[in-house]
Every structure is written in structure tokens, then in C-alpha cells.
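Residues per chain are reported as follows:
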Amino acid sequence: MRKQKDRRAIQIRVAQFGGVSEAWLRAAFASPSAPSQLARHIMEQLDLQLEAEKPVLSLECLALAASPAGITRMFLRRRSGAWFSTLEAGRIGKIIAQARRELEEYLAGERTFFAVPVDLSQVPAFERAALEVAAQIPYGEVRSYKWIAERLGKPDAARAVGNAMAGNPVPIIIPCHRVVKTDGSLGGYSFGLVRKEALLDLERRRAAYVGCISTKIFCRRGCAHERRIREGNRVNFLSFDDARASGYGPCSVCQPA
Amino acid sequence: MSQSHKSDEALFRLVQAGRRDAFAALVERFQHRAFGVALHILGRRQDAEDAVQQAFLRLYEARAQYDPRWRLSTWFYRILTNTCVDELRLRRPLVPLEEWDEASVERPDHTLERSEREQVLHAALATVPLEARIVLTLYYGDGKSYREIGAIRGISVNTVKTHLRRGRLALRRALRARGVDGS
Chain A
-18 MRKQKDRRAI QIRVAQFGGV SEAWLRAAFA SPSAPSQLAR HIMEQLDLQL EAEKPVLSLE
42 CLALAASPAG ITRMFLRRRS GAWFSTLEAG RIGKIIAQAR RELEEYLAGE RTFFAVPVDL
102 SQVPAFERAA LEVAAQIPYG EVRSYKWIAE RLGKPDAARA VGNAMAGNPV PIIIPCHRVV
162 KTDGSLGGYS FGLVRKEALL DLERRRAAYV GCISTKIFCR RGCAHERRIR EGNRVNFLSF
222 DDARASGYGP CSVCQPA
Chain B
376 MSQSHKSDEA LFRLVQAGRR DAFAALVERF QHRAFGVALH ILGRRQDAED AVQQAFLRLY
436 EARAQYDPRW RLSTWFYRIL TNTCVDELRL RRPLVPLEEW DEASVERPDH TLERSEREQV
496 LHAALATVPL EARIVLTLYY GDGKSYREIG AIRGISVNTV KTHLRRGRLA LRRALRARGV
556 DGS
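If you're matching them up, the sequences are chains A and B in order.
Numbered per the working numbering, the first sequence spans residues -18 to 238.
Numbered per the working numbering, the second sequence spans residues 376 to 558.
Since the hints were made in silico from the structure, they are not lab data.
By construction, the Cβ of each residue, glycine as well, lies at the ideal position given by its N, Cα and C atoms.
Incorrect hints may have been included.
[To be verified] Stretch-level coverage of chain A by chain B, calculated; a stretch enters the list once three of its residues show a Cβ under 8 Å from a Cβ in chain B:
1) 3 to 11
2) 21 to 27
3) 184 to 193
4) 205 to 213
[Claimed, not checked] Heads up, simulated DMTMM-like pairs for lysine to aspartate or glutamate below, C-alpha to C-alpha not over 20 Å straight-line:
5) B:K536 <-> A:D222
6) A:K197 <-> B:E523
7) A:K162 <-> A:E122
8) A:K75 <-> A:E85
9) A:K162 <-> A:D182
10) B:K536 <-> A:E3
Go ahead and model the full structure; you've got the sequences and the hints to work with.
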């Protein structure tokens, strides 16, 4: 009975545009009370956050190798110590330093793509092709092994794709962690499933695009221009289209697409 | 309690000086409006709670960067809406997109009773494009002016109006489809 009455009241208040009235909208949008424990939870979280937190994957447990053409391998280190190639001079040293910087930003959630070159010349052709497809999967999204197999024109080769991902010489930079099984389970990961999950979680927590309110330009997260945007000038966008529809233009350096 | 008469900005200066109790007072002050905004943007109570929590933590983390030329509420709402945009990523299932089953996306909220109107509104809002949904929420839910919304989302007043017009149209269409109609 009451429900019927409510609905009638709603219908009576409908006014212009042959739709729902402004008054209905204001009433419907009226703020509901926050849950009673919310404020307490926030303060608890704050206290927890103020303590140091230990990341699952940090720069200290990664090591890199490179050729003059790009990064050739990434290793997981059991013991911490200096990066063995960082003292390397010339082009290789530069590549390693760039990779190190980009990885640091990526793990902090401040970067959504890698610009450092990768050298896959030692990887067999099929595996290399599969890894190149995997490299195209956007930040924060996942695809299946089967999806990659289909892209390669070999729809039955999902298992071979799985092996190619397992042999990925440069995890994280080539995002094989974004490849999962068709049933939604994680599949495997050479750095361990806990880390695969942590990486996917990290990516899902950050919008890929950041706009600057003074320049009206938006970047992929991690672009040099994006990093110069001050906290007060930042606007996050979930998609390219959202940013465009808000009157923002794409950065010409990182070229969001 | 002794802080109830202080302005938002004055309270935040205390937060910057390291006063935990001042931050707790701000949380008390903003939590309901923040929850409402997050709820309308995200549509689910659990997600809204997470987003509000996250936004307050970011507010605290960025306390040194607060620019006093801004109103604190504008600053906070910017962080909150940014957090909501980020939070929508958490919805992305760990299942390849092309194999995602529509039916499992909409999980009914059993945890808390919701009014019929709220449910209808959120079902309809889910069809409104994200940026327009954010603008609608700030406008109707929080009574923000075009200028304030523009400042919060970093867009011009004209873009606010465009989002609002499009959002209203989409929302009305969706509400009509759900039986909330003038006929």
C-alpha cells in the first residue's frame, strides 16, 4: 500500500520534459547517512597506514640485464644487494637506469606503461610473437591465453601461449601478468601467483589517465608531463573517451589512445 | 568537540601541524556528504565505503600539498571523485572482458536495506556516462554550483552544463524505462 502511494507521489511530481522532475531528482540524490562505523574505520586505517608497509614486490628484489638494444632479462633476487648492472657504462647502463626508474614508478602506481626498449632477439619466433601480443594488453585489463592464441592465428595454441608467458624473460615490462585463464583463474606466473595478484591489484587501483586542469591536456600515468602536474591540478579519468568528453586533449608525448 | 566552531580550513591547518584529533573532526564533518557522493557515483555501499576511506587517506597523505587558495571542500571533493574513478577499476573482473557474463556484474546488495527510490536511481545512474554521473551527483546530491563542480573536476562551466544536460537526459530516459514516468 505504502509503496503504491510512494510511486503515485513520484509520478505526480513529474514535470517538464515529459520526464522526472527536478524535485524528484533532488530528493532521490539526497545524501544517505554514512554507515555508523565509517569514521572509526577511517581513523583505524589511518593509524595502520602511518606504520610502515611492506610491498609484495619492491625494486630491491628485482635485477636486470640488458644488451645495447634493450632489456634482455629480469630476475627475481632472493638476497638483496646492489643492482649488478647499474655500474655498467654507456648505452647498456642508460637502458638499465631507465628501466629501474620506470619500474620504481610503476610499482608505486605512478606509471602505466614502459618506454624502455626490450630486446627479445634471443627468444624463439612463436614465443616472441606471443609476448609482443601480450605487450599490447592495456594497463589494468586482462586477456586470456586463448585470446593471444587467436590473435596469432592459432586458436588451439593456448597451452603453447601459456608456455611462452612462463618463459617471458622480462616480466612486468612485458605484462604477462595480464594474461589469465578463460575461467577467470589466474593461471601461472614466473614470479609467483601472489605477485601476479598483487600486480593486477595495483593496476586496478589506478586510473590510467590523468588530466591537468590548467593545460586541459591528459596523459597516460607515468608520462613526464603527467608527473609535473601538481596535486591540486590533477583530474583522473577512467577512459580516453571520458577525458575527451570533458574537453581535454591527448598529450602529444605519451599519446594516450 | 571543541573544534566544532572552526572552519574546515582552520581544522586542516591543525591537521598539517600533525593533529590527529583535527583530522578526526574533519572526517566526522565530511563523512555523510562524501558517502552520498561516492554512493551515487559507484552505486554500491561497500564500494562507496571503500572509496570514502581511500579518499580520506589520500587527503591526509597530500596534506602538505594543500593549496590554501582552494576551499578545503573543493580540494577534498576533487580527491574523492578521483578516488571514485580509480575505484571503478576495482570492478574490472579478473575475467577476460569478452568472456564476462553480464549477469554476474550486477550483484544485488544484500548487506543493507535500500529504499526503493535509491535502488531505482542507482540502476538508472549506472547507464549514465561516468563524467556526467559525477556532475549530476555533485549538482543534485550536494547542491554544488556550476563553478564549484568545474573547480572540482577541472572542467569549464560550459562543460559542466553539457555533462549535466546529457546526464539528465540519459537519467530521465533510464528512469522512464524503469517505470518512473510522468505518463
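Verification of the supplied hints:
Check on the region 3 to 11 of chain A: 7 of its residues sit with their Cβ under 8 Å from a Cβ of chain B, so the three-residue criterion for coverage holds. Counting residues of the region 21 to 27 of chain A whose CB falls under 8 Å from any CB of chain B gives 5; the rule of at least 3 is met. For the region 184 to 193 of chain A, the stated coverage by chain B holds: 7 residues have a C-beta nearer than 8 Å to a C-beta of that chain, and at least 3 were required. Under a criterion of three residues with beta carbons nearer than 8 Å to beta carbons of chain B, the stated coverage of the region 205 to 213 of chain A is upheld, 3 such residues being counted.
Distance check on the hinted pair: K536 of chain B and D222 of chain A sit about 18 Å apart at the alpha-carbon level, within 20 Å; holds. Using a Cα cut-off of 20 Å, the hinted pair K197 of chain A and E523 of chain B holds, with the two alpha carbons roughly 17 Å apart. Our distance criterion of 20 Å between C-alpha atoms is met by K162 of chain A and E122 of chain A, whose separation comes to about 13 Å. For the given pair, K75 of chain A sits about 15 Å from E85 of chain A by alpha-carbon distance, which is consistent with the 20 Å threshold.
For the given pair, K162 of chain A sits about 17 Å from D182 of chain A by alpha-carbon distance, which is consistent with the 20 Å threshold. For the given pair, K536 of chain B sits about 15 Å from E3 of chain A by alpha-carbon distance, which is consistent with the 20 Å threshold.
Checked against the numbered hints above, the structure violates none of them.
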